[in-house]
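Asker: Given two chains presented individually in distinct reference frames, assemble the corresponding complex, making use of the accompanying hints.
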Amino acid sequence: MGAQNRLTERTIANPAPAFVAGALLLLIGVGALLGWLRQPRELRLDPPAVADLDQFRRMPNGISGTPPESYFALGKPYETDAYNLSQGKRLYTWFDCATCHGDGRGGAGPSFLDGWWLYGPEMVSIVASIRDGRPHGMPAFRSRMTIEQIWQLAGYVQTIGSYTPKIAAPSRNDNEHTRPAENRGPAIILFDEGPLGAHPDQGPSP
Amino acid sequence: MRVASALLISAVASGCSGNQSALDPHGAPAIHMEHLIIGIVAICTVIWVVVMVMLGVALLRGPRAAADTAKSEAWLAMTVVAAVAATVIIIAGLTIASFYTTRDIGVPKSDALTITVRGQQWWWQVFYAGADATPGFQTANEIHIPIGTDVHLRLESADVIHSFWVPSLAGKQDLVPGRSNSMLLRAEKPGVYRGQCAEFCGLQHSHMAIMVVAEAPADYDRWAASQRGDATMPADPDAAAGRGAFLAKPCAACHTIRGTAANGTTGPDLTHIGSRLTIAAGLAETTRGSLAAWIADPQTLKPGNNMPMVPLTSAELQNISAYMESLK
Numbered sequence: 001m002g003a004q005n006r007l008t009e010r011t012i013a014n015p016a017p018a019f020v021a022g023a024l025l026l027l028i029g030v031g032a033l034l035g036w037l038r039q040p041r042e043l044r045l046d047p048p049a050v051a052d053l054d055q056f057r058r059m060p061n062g063i064s065g066t067p068p069e070s071y072f073a074l075g076k077p078y079e080t081d082a083y084n085l086s087q088g089k090r091l092y093t094w095f096d097c098a099t100c101h102g103d104g105r106g107g108a109g110p111s112f113l114d115g116w117w118l119y120g121p122e123m124v125s126i127v128a129s130i131r132d133g134r135p136h137g138m139p140a141f142r143s144r145m146t147i148e149q150i151w152q153l154a155g156y157v158q159t160i161g162s163y164t165p166k167i168a169a170p171s172r173n174d175n176e177h178t179r180p181a182e183n184r185g186p187a188i189i190l191f192d193e194g195p196l197g198a199h200p201d202q203g204p205s206p
Numbered sequence: 001m002r003v004a005s006a007l008l009i010s011a012v013a014s015g016c017s018g019n020q021s022a023l024d025p026h027g028a029p030a031i032h033m034e035h036l037i038i039g040i041v042a043i044c045t046v047i048w049v050v051v052m053v054m055l056g057v058a059l060l061r062g063p064r065a066a067a068d069t070a071k072s073e074a075w076l077a078m079t080v081v082a083a084v085a086a087t088v089i090i091i092a093g094l095t096i097a098s099f100y101t102t103r104d105i106g107v108p109k110s111d112a113l114t115i116t117v118r119g120q121q122w123w124w125q126v127f128y129a130g131a132d133a134t135p136g137f138q139t140a141n142e143i144h145i146p147i148g149t150d151v152h153l154r155l156e157s158a159d160v161i162h163s164f165w166v167p168s169l170a171g172k173q174d175l176v177p178g179r180s181n182s183m184l185l186r187a188e189k190p191g192v193y194r195g196q197c198a199e200f201c202g203l204q205h206s207h208m209a210i211m212v213v214a215e216a217p218a219d220y221d222r223w224a225a226s227q228r229g230d231a232t233m234p235a236d237p238d239a240a241a242g243r244g245a246f247l248a249k250p251c252a253a254c255h256t257i258r259g260t261a262a263n264g265t266t267g268p269d270l271t272h273i274g275s276r277l278t279i280a281a282g283l284a285e286t287t288r289g290s291l292a293a294w295i296a297d298p299q300t301l302k303p304g305n306n307m308p309m310v311p312l313t314s315a316e317l318q319n320i321s322a323y324m325e326s327l328k
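Top to bottom, those sequences are chains V and R. The first sequence begins at 1 in our numbering and counts up one residue at a time. The second sequence begins at 1 in our numbering and counts up one residue at a time.
FYI, nobody ran anything at the bench for these hints, they're computed from the structure. Careful, some of the hints might be misleading.
Straight-line distance between alpha carbons at most 20 angstroms, and here's what the computed EDC-like set of lysine to aspartate or glutamate pairs gives [to be verified]: (1) Lys166/V - Glu122/V; (2) Lys328/R - Asp219/R; (3) Lys189/R - Asp219/R; (4) Lys249/R - Glu176/V; (5) Lys249/R - Asp219/R; (6) Lys249/R - Asp96/V; (7) Lys172/R - Asp24/R; (8) Lys328/R - Asp230/R; (9) Lys249/R - Asp54/V; (10) Lys166/V - Glu79/V; (11) Lys189/R - Asp24/R; (12) Lys249/R - Glu122/V.
Chain R with its partners taken away, still in its complex shape (with noise of 0.2 angstroms):
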């Protein structure tokens, strides 16, 4: 029994710990949540144990014929006026602390970093807003932020509402469709954090994923200037006539891939693909074996997701995988 016991607690505290928990915090808004909740069950379990205790006694005692009826009328009436006060104080204090707790993890100043998040079945496209002399860029499923900053994230939805959850920076919020709803994502110290569409959204909700990189603020410029520019030619044979393949197929009509002839939007942007941590959002890591596996066969890997199974010649797979490799 206590053998069992003891099993299904780490069981269960094994989900609390690893990049996806809110019991291991990293950013300012989950700190303060994880504050929250420890507080709520320290209190809450301190109060039921009380009562817990109380009801034995009572239990134990047994009934008693009362000596002084006025007397204990008088004792009655005090514990029930401090019992009830002790409520309303805790439950005061309780709602109090989540309010302040809500105004922390806020939306921040308009002048924050704004990452646009639209989530789609069943991957998440984001917009990194240019400035007059820097032009914006996409990616998907992958988010950068510098560590220390507030950032703003604007959250759409282009078909069903999904919800954006990376437990260790932040709370949930909804994507919903025809509406932007913001939320303040900051991290702490570098990273990668994973987060997970916390709405189900159909077939493939399950591989919904979503990795935030959060890295020293030098590292996120590096970053996203590197995004900002259109692929290059590549220079391995291979990844070139997968590029005319990729161009040639039905591939182009999906996605974009700047630089290039390639400007279909209903797709993943896959300008810098190869730079990604993950494919297919979050599905597997990115290497070339991944990415032929993905591209020859998507409906066995994610069925129902909305990439077609295009028929292409084994050099054409492999060209194109090298291809995508080569788009750091």
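Next comes chain V alone, as it looks inside the complex (with noise of 0.2 angstroms):
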């Protein structure tokens, strides 16, 4: 009856090894096909492309638009590409974007948390901010940055003042972290409705 029983044991012991050797394996498979498939980092943009960045269309008073085709058919890569939100962080100190804006939630200028967008938030709202400047301060950056910096910063202000969370996230701050990070969307957190009839042009919520 012993016999039979430690006979029964191993039976049942003897696949366990054969298991774990096979989800180890499986696991080191996974790790590697998903390190594989990290997102390609676009360093060079072709110039014609480049050139068509700069081809959007306003609406007449200046507030929202239409990015150009080419950039639907790059698949929006300054909203969803983390390498150009990265890229889109670092100019936002380059620039010293934080002089007025801060940490996003704004000083001398507006801010990007608070959920109110003056010009909306779209892309090319952002974009046009950027290049052309805007009334009551804001200055153009059309000389001082190409028009593929201009994206990525217009990305990366997007990405902390957007209403959902987005999967790419830029690097980490260096520096101490002074509102919650990027990829949580500070500006759910930091949302402020304000008061009643702040921001009547714009409708009860942003």
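Answerer: Shown next, in the form of structure tokens:
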């Protein structure tokens, strides 16, 4: 009886190492596949595609508009691509956006995180604001940045003010975090409805 | 087999000569370290040979029956004691030698010429401090030092960890964000010594070289005086047109050229770029052609670097390259 028991135990115990090894191999395989599938970096956009980025159409009132067709063909890289968002974050520092907009919560300039977009949350509006400037102190960066850099920066600004967190995130802060990180949708957390009627031109909610 | 091993040895050893080799030292710290390297290798080689010979003898002699147990016991004890004593003495000796070498390559006195090197992805920003009468200046990817003089390097980083390594002159030292490391640099004879970032720092880590130009004190003073000066207005009409284009385009938002309105700080200071040996951290020699190639398409020459491709007409490109070349 005892011998019989041992035999049964062994028969049951035996498949375990093979299963563990198999699962481990599978895990390693999945890891390798995910590493291989990482988002490719488009480091050099062809000059005609870059030139096309300047050719977006705007509504007559300067708010919103349509990006060029090629932008959709590229897969909206400045909104969804982690590398471009990281470069946008670098440009936010390099071009001293924080002097007026702080960490995104505003200062001398408007906040990106209170949920209210003065000119709408579309990429085209943000790109136009950076490229051409806006009344009340927003300077034009047309002669200081290339159009590709402007799209990268606009993508970053849109990400921190986005109403839904994006899957792609820029690199982490080197300094202390002063607000929720970009990939957590800081604008959702810091949304400020403001006093009733503060933004009558934009309706009751953003 | 013999040919193959000779080829292998020559291939490996060829990495140990030329202007970027720890075994071709031209500065006091590197010379101290070469002595340490050779000393340790020599001692360890002797020990290894002795151990191998004894092992071989023991294997060949084979086991024997002990004739006199008491006598062989005493012999064994003596051998073990001698081996332990030799080990202690040799290891202590190597430790002491290493300690003295470390002390000799340490930080120089505070009155030494101080140069601040700031690592960036993927280039070296270099600051020469000014004194009361003489203003400081900034350059990039190139350090000039007077020979026979201790130079104090302050090493900082703007983004990630880099490592400063000019093998012919000194050892390695990391550049760590948020802190300042010190290092002694010294060259005994004139020459151009190539250095390399020695800590993986991103896509273009391999294209992050630095040139150390060691020259006679009089030559160094002349160089420093010319670097302190502002950029002059170029006489060549092409270069003058290039100056206008440079200031009108986004170039000026990232680069400084002292003496003009260009005062960006995120890219290398270009005030005297024409006087430097290489562009883009050792990527190419400084010629009008290489400058034009770089400005026309930086992302093809050094993918991932932070210089954007600025759309220029061919005339603008030629003029700006001529202007860059004229900034001696």
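Asker: Hinted pair, alpha-carbon criterion (20 angstroms max): Lys249/R, Asp54/V. Please report holds or violated.
Answerer: The given pair, whose Cα atoms are some 16 angstroms apart, holds under the 20 angstroms limit.
Asker: Checking one constraint from the list: CA of Lys166/V to CA of Glu79/V, max 20 angstroms. Satisfied?
Answerer: Holds, at roughly 9 angstroms.
Asker: Run the distance test for Lys249/R versus Asp219/R: straight-line Cα separation, threshold 20 angstroms.
Answerer: violated, 36 angstroms
Asker: Next pair to validate is Lys249/R with Asp96/V; report whether the Cα-Cα distance is within 20 angstroms.
Answerer: Judged against 20 angstroms, a Cα distance of about 19 angstroms means the pair holds.
Asker: Would you check the hint for Lys172/R and Asp24/R, treating anything up to 20 angstroms between C-alpha atoms as holding?
Answerer: holds, 15 angstroms
Asker: Holds or violated: are the alpha carbons of Lys328/R and Asp219/R at most 20 angstroms from each other?
Answerer: Distance of about 15 angstroms is within 20 angstroms: holds.
Asker: Is the hinted pair Lys249/R and Glu176/V satisfied, with a Cα-Cα distance of at most 20 angstroms?
Answerer: violated, 34 angstroms
Asker: Decide if the proposed pair is consistent with the structure: Lys328/R and Asp230/R, CA atoms, cutoff 20 angstroms inclusive.
Answerer: holds, 10 angstroms
Asker: Given the proposed pairing of Lys166/V with Glu122/V, does the C-alpha separation stay at or below 20 angstroms?
Answerer: holds, 15 angstroms
Asker: Would you check the hint for Lys189/R and Asp24/R, treating anything up to 20 angstroms between C-alpha atoms as holding?
Answerer: The given pair, whose Cα atoms are some 12 angstroms apart, holds under the 20 angstroms limit.
Asker: Would you check the hint for Lys189/R and Asp219/R, treating anything up to 20 angstroms between C-alpha atoms as holding?
Answerer: Distance of about 13 angstroms is within 20 angstroms: holds.
Asker: Taking only the CA atoms, is the gap from Lys249/R to Glu122/V under or equal to 20 angstroms?
Answerer: Distance of about 27 angstroms is beyond 20 angstroms: violated.
Of the numbered hints stated above, those contradicted by the structure are hints 4, 5, 12, listed in ascending order.
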